[in-house]
Each structure stands twice: as C-alpha cells, then as structure tokens.
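Given the coordinates of chain A, work out where chain B with the ligand should sit on it, guided by the hints.
What follows is the residue order along each chain.
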Amino acid sequence: MSVKKFDKLTAVAAPLPLINVDTDMIIPARFLKTIKRTGLGQSLFHTLRFDENGSEREDFVLNKSAYKDAKILITGANFGCGSSREHAPWALDDFGIRCVIAPDFADIFFNNSFKNGILLIKIPQKEVDDLMEVAERGANSTMTVDLETQEIISSDGKSIKFELDPFKKHCLLNGLDDIGLTMEKEKKIGTFEENQKVTQPWL
Amino acid sequence: MATTLYDKIWDAHLVDQREDGTCLLYIDRHLVHEVTSPQAFEGLRNSSRKVRRPDLTLAVADHNVPTTDRSKGIDDEESRIQIEALDKNCLDFGIELYGMNDIRQGICHVIGPEQGFTLPGTTMVCGDSHTATHGAFGCLAFGIGTSEVEHVLATQTMIQTKAKNMRVTVNGSLPTGVTAKDMILRIIGEIGTAGGTGSVIEFSGEAVSELTIEGRMTMCNMTIEGGARAGLVAPDQKTFDYLMGRPKSPKGASWETAIDYWKSLKSDDGAKFEIEIALDAEDIAPQVTWGTSPEDVLPITGRVPSPNNESDTNKKAKMQRSLDYMGLEPGMLLEDIKIDKMFIGSCTNSRIEDLRLAAKVANGQKVADHVDALVVPGSGLVKEQAEKEGLDEIFVSAGFDWREPGCSMCLAMNADKLQPGERSASTSNRNFEGRQGPGGRTHLVSPAMAAAAAIKGHLVDVRSFNID
Ligand code: SF4
Chain A
1 MSVKKFDKLT
11 AVAAPLPLIN
21 VDTDMIIPAR
31 FLKTIKRTGL
41 GQSLFHTLRF
51 DENGSEREDF
61 VLNKSAYKDA
71 KILITGANFG
81 CGSSREHAPW
91 ALDDFGIRCV
101 IAPDFADIFF
111 NNSFKNGILL
121 IKIPQKEVDD
131 LMEVAERGAN
141 STMTVDLETQ
151 EIISSDGKSI
161 KFELDPFKKH
171 CLLNGLDDIG
181 LTMEKEKKIG
191 TFEENQKVTQ
201 PWL
Chain B
1001 MATTLYDKIW
1011 DAHLVDQRED
1021 GTCLLYIDRH
1031 LVHEVTSPQA
1041 FEGLRNSSRK
1051 VRRPDLTLAV
1061 ADHNVPTTDR
1071 SKGIDDEESR
1081 IQIEALDKNC
1091 LDFGIELYGM
1101 NDIRQGICHV
1111 IGPEQGFTLP
1121 GTTMVCGDSH
1131 TATHGAFGCL
1141 AFGIGTSEVE
1151 HVLATQTMIQ
1161 TKAKNMRVTV
1171 NGSLPTGVTA
1181 KDMILRIIGE
1191 IGTAGGTGSV
1201 IEFSGEAVSE
1211 LTIEGRMTMC
1221 NMTIEGGARA
1231 GLVAPDQKTF
1241 DYLMGRPKSP
1251 KGASWETAID
1261 YWKSLKSDDG
1271 AKFEIEIALD
1281 AEDIAPQVTW
1291 GTSPEDVLPI
1301 TGRVPSPNNE
1311 SDTNKKAKMQ
1321 RSLDYMGLEP
1331 GMLLEDIKID
1341 KMFIGSCTNS
1351 RIEDLRLAAK
1361 VANGQKVADH
1371 VDALVVPGSG
1381 LVKEQAEKEG
1391 LDEIFVSAGF
1401 DWREPGCSMC
1411 LAMNADKLQP
1421 GERSASTSNR
1431 NFEGRQGPGG
1441 RTHLVSPAMA
1451 AAAAIKGHLV
1461 DVRSFNID
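Chains as they are written, first to last, in this note's numbering: chain A, 1 to 203; chain B, 1001 to 1468.
Check the hints yourself; a few may be wrong.
Keeping only pairs whose Cα atoms sit at most 20 Å apart, straight-line, the calculated EDC-like set for lysine to aspartate or glutamate is [to be verified]:
id	chain 1	residue 1	chain 2	residue 2
1	A	Lys33	B	Glu1042
2	A	Lys36	B	Glu1042
3	A	Lys188	B	Asp1020
4	A	Lys33	B	Glu1084
5	A	Lys188	B	Glu1019
None of these hints come from the bench; they were simulated from the model.
One chain only, chain A, in its complex shape:
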C-alpha cells in the first residue's frame, strides 16, 4: 500500500491559536468506534466545531467561509499531545488538511501524520506568530509549502525555511510505504532473531 505523496501545496491556511491541542480535541474517543480509516473528517475538532445541538459554531475558524477550503493549519505548541490514535491524522486528512505548522508537536502524533502523507512543520514560535498573522487574512492569504526546497512561502512573498528528517522527507516525496522498505531488510531481521535465540533464549 502506498502513502499519499506530498511535494508542493498551495492553499488557504487556517489559524488555530491554541496551545496543547490534544488528540481528544482533534477527534473525541466516541468517534473511534469505526473499523475504517475514512469518513472521520466530519468529526474533526468536533467539540470546537459544533455546539451541543450539532450546529456549527460560527466563530470556529474552519466554519468560516474564508477557511472552508483550508489545507494548511497554523497552530500553537505541543499540537497532537495525548493519545496514539491515528484517527487524529485520519480525521485531518479526511477533512482536507495536508500540512500543519507549529512550534512543536507531540512525538506519536508526529510519526502518525507522516505515515498518512501529512506534512508537519516545526518552526520557531516567532515565525509561527508571523504566519498566524498572515493567515488571519483568510482566503486572500494562500501559502505555498514546498517540501523539496523545505520552505514556506507566505502570501506576502516571504520565505521561511524549515528542517526535516531526510528519511521522512524521502518517504513523503515519493509516497513510499515503509513496510515495503523494511521488508527488504528481511534477512537482517532473521539474523537478529537467530542471535537473540542464543543470547536471550527465554524470550
């Protein structure tokens, strides 16, 4: 199975200026009862997006017409903390978000996102603040994220460089399934198992 490729994305960016957005906020546990990966977009940010009666909250960014087609999310520190549920990136992807920009992310969420073709970009707080400001301008503020050159180009033409682990970049650019890659190492895995049988026979 291959992963969605990511090379270059030009899209509206939605500002979500909250810190510690946890996975229960991204998708509450009661929506995890599915055995599929699809269809979770409607539950994305459920509590933030809908009121008790299920109507959209007008003041939530992704409910505003200017941001309905947002594919980029700009947000605060420690995004994705909490559970290991991959339903969080699945919900983001299903909604159409392909890239999240923040000062930092929780570890498990970080890994899970890349495995689903979502690019997470860590940049310093100051630069996130600048982008947040640009994003506040709504539909007029499309940004371009270029994975190859590792830069974000905001609507005012400013470029921000970002760092990324080369292996993650390689997989994302080529849409590689890492299970396939690992299976090419089958022999090494087999050798490891043989050795372990000798050194730790109780396992």
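Below, chain B with the ligand without anything else, positioned relative to chain A:
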C-alpha cells in the same frame, strides 16, 4: 563508555541503522486491542501480508467492553462490531486473544505485566499511548499509531530515531498519604506536558526504589502525559519477585539465566543524561488537577490559580479557557470543589494495590448522597483477587458500584461517562476537555484521594482520614 539503561536496551535491539540515523528496532512484545488494530489488519489483508511473529503478540478487548453484566453481549452496535473484528482478526492471523469473557481479560497495560508477558530488557509496543506503563519493569515500551501497529505485525520491527536521555530523580521518602500518582502528577506539573518530548525518562532515586511494582507502573504510565516517548525504572529484586511464577515468565534454568542478565540492566555510574531533574519526596503533597491538561496540577491544600498571574499570553488564554470549561473561579479552595461522580480505574490506578488503598479509605464509610462512585478493576484477575480479600464488600457496603474490568470511564467509549457539566474525581490519566464524556469535568487524583472525595462529596485532603 558509561551508558544509560535506555542505551543498553536500544543497542540490544538494533537491527539496522541508516546513514541519516534512522534505525530499525526489533520488537519483542506486541499488545493489540480492538480500537487501534482493525485498520492495521485490513492493511495486511490488502497487501497479502502475514503477521511475522504471532507468538510475540497478545490481544485483548478492553476499551469498548461494558463493565456491567456481560452475559447479554454488547448493546452498542459499533462497539460490538469492533470487538467482533478483533476476534476474527486474531483467529485469521493466529494471535492469542483474551476475549470479553476470559478471566484474564482486562486493560492491556494491566494484563501484560500480570501474565509475565512484560519482561525486563525487552522492547514492547502497543497501539496505545500508555504503553509507557511497562517501563516499570525496565522494559522499553512505546505507544504507537495504527500504521506502526501494521508495521510491527508485518515485520516485528519499528522505525525509530534515538531519543534523548532524561532522568528524573526523586530523593527521600514519600510522606504518609502520598502515592506514586501524586509523585508523577507533581513531576508533570514541574516539567509540563511537553517537558519530555523527544526523550525517554528514567526514574530513579530512593522514593522510586521504595515504590512497589504497582506504584512504578502508575508512574511510568503517565510519562506520556509529560510528553516523553517512554519511561523506565531499572529492574531490581522487587521486579524479579513480581515476575516469578507468572504464566509467561521464564521458568527453571531459563529463569536463572534471565535474572543474571536482568541484573545488568541499569544505567552506569557517570552515564550522560541530556536532561536531569531532581525533586524531594518529602515536599510532595496529595495532588489534584484543576484544569484540562495534566500539567494543571496543584497540592490539594492550594487554590484555583488566576490567569492574571500568568504573563505568557498563550498560557494565559489556555488557563482562561480551562477555567471556563471547568466552571471554576480563581482563588477558590481546591477542597471546596464539589463532585458528582468518582471513578477508580484505568491503566493508571486499577491494580490490586490501588483497590486496597481505596478500600482502606472507604472502610466503614458512606459515599456522599449526591455522588455516583464507580470502581472498575483493571482485569478479571485483579477483580478475583480483590473479591478474595473482601474488598468488593467494603466498596459495596460503602455505596460504591463494583464493576467488570475494562477502560470504562477513562475515555468514555462504553456506557460509563460523565454528562455535560458533571464533575468527577478520577484516578485515570487525562483531564482533557470531553475525555470522560462531552462537557465532562475531570479532576485527576490518586485512588485514596478519589475514595475520600466520594465520601465527603468534594475534593478533600486524604491525610485528614488518618488511614495509616
Ligand atoms: S484505561 Fe484509559 S488510558 Fe488506559 S488503555 Fe484504557 S483508555 Fe487508554
């Protein structure tokens, strides 16, 4: 070169290393549950792949199962489908499963150690962030997502880069009435929920050595709430005593060789830790969270904090949002917070020791009239043991509800949940918005503090109960 416990386990499991530092790590143990696995098995089927080592894999249904009478099956259709999918997947792929009616069924992180499936010096994964629990045995245990579950099922390895070494040392002894839960909450309050990001935390010091294995599990369980990839405690005699004779522990001559190896599993003197934190156990009081993040924690003797005293604008906004959600006023005494429900359970605090402690507080008392109190043992075997000791009777006669094992109100996937606006004292690990039900308000506490709150009807300092 002096190395850390984490370095040692890591090195012993390295299958391959790429030039860019990406490593392939061998996984010795894999726990599977119904919520994060169906899509992984679907992926295997779609690519005609097998499970490489079903013998290293153990499955259990825990998140969705009802905690009431199970003889009639599961009412909720989606939950039922998910559990049936687990049954079928385990059958098709040859994986051992503790089904809903098996006495060994329980929360994955409770049953792993209970069965001796969790062992020192091993690597373990599970599609659940609280896999860190198993670090209490000196087992390097990671919570992973579903794609990684599929990767481990197919290859028995995971792709990882090395984390930083971090050490938290707790010196001295814990005062009476203060538990492992208070200690870990205090640590998270100190380092923050992102304090351990990118690190593996080793817990050490006198207070950690003095903990029981159950207590160490409670601590390691919540390392993920401090953002760390895993938590570790070096194995010692207590660890070996706990594991001896467990169904899946090594036996006979194997046991002796294993112990020799396990004794070598500790950080060398002079090993380098990138981050070091030290605390004094004597300074720790029973803790309680007031907000919607585990780092929003204070001693029970404190007051609800005020956003006016916070200078960082992001943090100030978060604090205001938390207080609005929790329905609390700055300055009010934490002890004046009234509760509607109480939950003792979850992989943090549902083991026999937790129940014993709560029962000590509950003995001869009565749950306050307006409080609904739920006690959910971590596994069928914990429940059986508790009943043997008569703990169930203590709880029931004090007005607590005694239930069947499972995750229950920790994440509100089954029928046990808070109603909007309801407030709980809970021994679980997350007080996120909506975690225990939409609109529900959670205060995280130790089992003793939870039982005390149920009796008084409000948060209270358990030290006033004179239980020791
Ligand atoms: S008890 Fe709670 S935290 Fe633990 S595995 Fe179950 S849902 Fe996760």
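Hints numbered earlier in the text: which of these fail when held up against the supplied structure? Checked against the structure, no hint fails, so every one of them is satisfied.
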